[in-house]
Amino acid sequence: MALRVLLIDDENEFVDTLAERLELRGYKPSIAYSGQAALQALRAEKPDVVVLDMLMPGMSGEETLRRLKNMYPNLPVIVLSGHGMVQDDGVGTADQAFACLTKPLALSALLETLAAAVRAAAVDAEGDTP
Amino acid sequence: MNENQCMARLLASAVHDMRNILAIVRESAGLAQDIAAFAAGQKAAKDGAGLSARGDRIVASLEEVQRAVQQGAALSEAMDYMAQAGGADGRNTSGPCDLTRTCRSFQLLAARQARAVQMVLINGETEEPVWINAPALNVLRSLLEVFDLCAAVGGQVTLRFTAGRLHKQEGIVVDVLDGPNREMVLAVLTGAHVLSTMPFGWKAALMPWRDTGSRYFLSLVASETDNQ
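Chains as they are written, first to last, in the working numbering: chain A, 100 to 229; chain B, 6 to 233.
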């Protein structure tokens, strides 16, 4: 079954192209251009993994991440941002995210991280089973 | 907000945008590569041949774009480091700083100026970070002064900067490697001793490394006296 990836980024050109490339590789991407739109999309369908930008107009990436984790604590989130200091932003983004990556990123590196995030989530889910 | 913070904040903002632009270029070129690869696969299935010469040229051009994006990403990383060193996020910039990362950033940031005077800057990698209790901007400043000393006597030399220690003191090992102007550069660095452009409260010194003849140790210490 195709891996469902929710891409949250206000950079339309970037995220549209990334979605197209993921689709060519058998993924099932969906796009939200804002944090608010992402939360609506998440209420409709839970993806397998989320790729999240940090600096967005309106609801910030940090706030989106916090709300998203409230909804689905075990949903893996990969932060992909043009801001280089996400790992040490003082608000715990790195603790909540599966990985913090910096743009521009080779697609192969993103694919590896997506796979690792889904594997880790599967292991977590097994651990949660009574 | 001081002048450094002003420049650092604007630089950090610009770097963020630069990374987004590079990301768009990378993904767009990547999509074109995907489509070209798909077309090549279809053509091979149809007539057993690969892409035409023009198709191969397009693929090579897209690979060149990807390499340029990688270079731009490395440069953005160095610019971002400089912005953080200048206080872009309103953090304490008095140190400590990672000398390995500082050397790597300097090598990238000064590369264009180095080419103009036919100098090559090499970053000597270390296995572990070497931390010094000093502001990163002061370290960059001292490296720039070493660079300027070499450029002032004609450049044309290869310099390698490596984070290291001498007598348990952290600093930067400066190796003068090959180049037609090597002797002049060695002479000016041997006579430099105390660097002159450090801000008040800091002293940077360039000492010959034992008796190797082409290696120096750049140290940076807080000083209560004027560096002059």
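You may find that some hints are simply not true.
Unchecked claim - Subject to a maximum C-alpha distance of 20 Å in a straight line, what follows is the list of computed SDA-like cross-link-like pairs (lysine to any residue): (1) A/K145 to A/Q135; (2) A/K127 to B/L36; (3) B/K208 to B/L171; (4) B/K208 to B/Q161; (5) B/K208 to B/G184; (6) A/K127 to B/V178; (7) B/K48 to A/L123; (8) A/K145 to A/Y132; (9) A/K127 to A/M158; (10) A/K127 to B/D39; (11) A/K145 to A/E112; (12) B/K48 to B/I26.
What the hints assert, rightly or not - Chain B is faced by these chain A residues, among others (derived, beta-carbon under 7 Å): (13) E112; (14) T116; (15) L123; (16) G125; (17) Y126; (18) K127; (19) I130; (20) G181; (21) K202; (22) L206; (23) A208.
As the list claims (entries may be wrong) - What follows is a set of in silico ranges between Cβ atoms, one per label pair, in the way DEER data are often shown: (24) B/Q10 to A/D194: 26 to 34 Å; (25) B/S99 to A/K127: 31 to 39 Å; (26) A/D223 to B/H172: 44 to 52 Å; (27) B/W136 to A/D194: 17 to 25 Å; (28) A/Q139 to B/L15: 48 to 56 Å; (29) A/S207 to B/K51: 34 to 42 Å; (30) A/S129 to B/P185: 16 to 24 Å; (31) A/A221 to B/A73: 33 to 41 Å; (32) A/A101 to B/T202: 55 to 63 Å.
To be clear, the hints were calculated from the coordinates, so they are not data collected in a lab.
Even glycine gets a Cβ: it sits at the ideal position worked out from N, Cα and C.
Hint check:
1. A/K145 to A/Q135: Holds, at about 15 Å.
2. A/K127 to B/L36: 16 Å, holds
3. B/K208 to B/L171: 16 Å, holds
4. B/K208 to B/Q161: 28 Å, violated
5. B/K208 to B/G184: 29 Å, violated
6. A/K127 to B/V178: 51 Å, violated
7. B/K48 to A/L123: Distance of about 18 Å is within 20 Å: holds.
8. A/K145 to A/Y132: Given pair A/K145, A/Y132 holds - Cα atoms ~17 Å apart, limit 20 Å.
9. A/K127 to A/M158: 25 Å, violated
10. A/K127 to B/D39: Satisfied, since the Cα-Cα distance of roughly 17 Å is no more than 20 Å.
11. A/K145 to A/E112: 24 Å, violated
12. B/K48 to B/I26: 33 Å, violated
13. E112: 5 Å, holds
14. T116: This hint holds: A/T116 lies near chain B, its Cβ roughly 4 Å from the closest one there, short of 7 Å.
15. L123: 5 Å, holds
16. G125: Since the shortest Cβ distance to chain B is 12 Å, the answer is violated.
17. Y126: Where the cut-off is 7 Å and the nearest Cβ of chain B is about 13 Å from A/Y126, the hint is violated.
18. K127: With a minimum Cβ separation of about 17 Å from chain B (threshold 7 Å), the hint on A/K127 is violated.
19. I130: For A/I130, the interface hint is violated, since the closest Cβ of chain B sits about 13 Å away, which is over 7 Å.
20. G181: Nearest chain B Cβ about 4 Å off; hint holds.
21. K202: 4 Å, holds
22. L206: 6 Å, holds
23. A208: 11 Å, violated
24. B/Q10 to A/D194: 26 to 34 Å: With Cβ atoms ~28 Å apart, the hint holds.
25. B/S99 to A/K127: 31 to 39 Å: 49 Å, violated
26. A/D223 to B/H172: 44 to 52 Å: 50 Å, holds
27. B/W136 to A/D194: 17 to 25 Å: Check passed, 24 Å falls within 17 to 25 Å.
28. A/Q139 to B/L15: 48 to 56 Å: 35 Å, violated
29. A/S207 to B/K51: 34 to 42 Å: For B/K51 against A/S207, whose Cβ atoms are near 28 Å apart, the range 34 to 42 Å is violated.
30. A/S129 to B/P185: 16 to 24 Å: Violated, at about 60 Å.
31. A/A221 to B/A73: 33 to 41 Å: Cβ of A/A221 to Cβ of B/A73: about 38 Å, so the range 33 to 41 Å holds.
32. A/A101 to B/T202: 55 to 63 Å: 59 Å, holds
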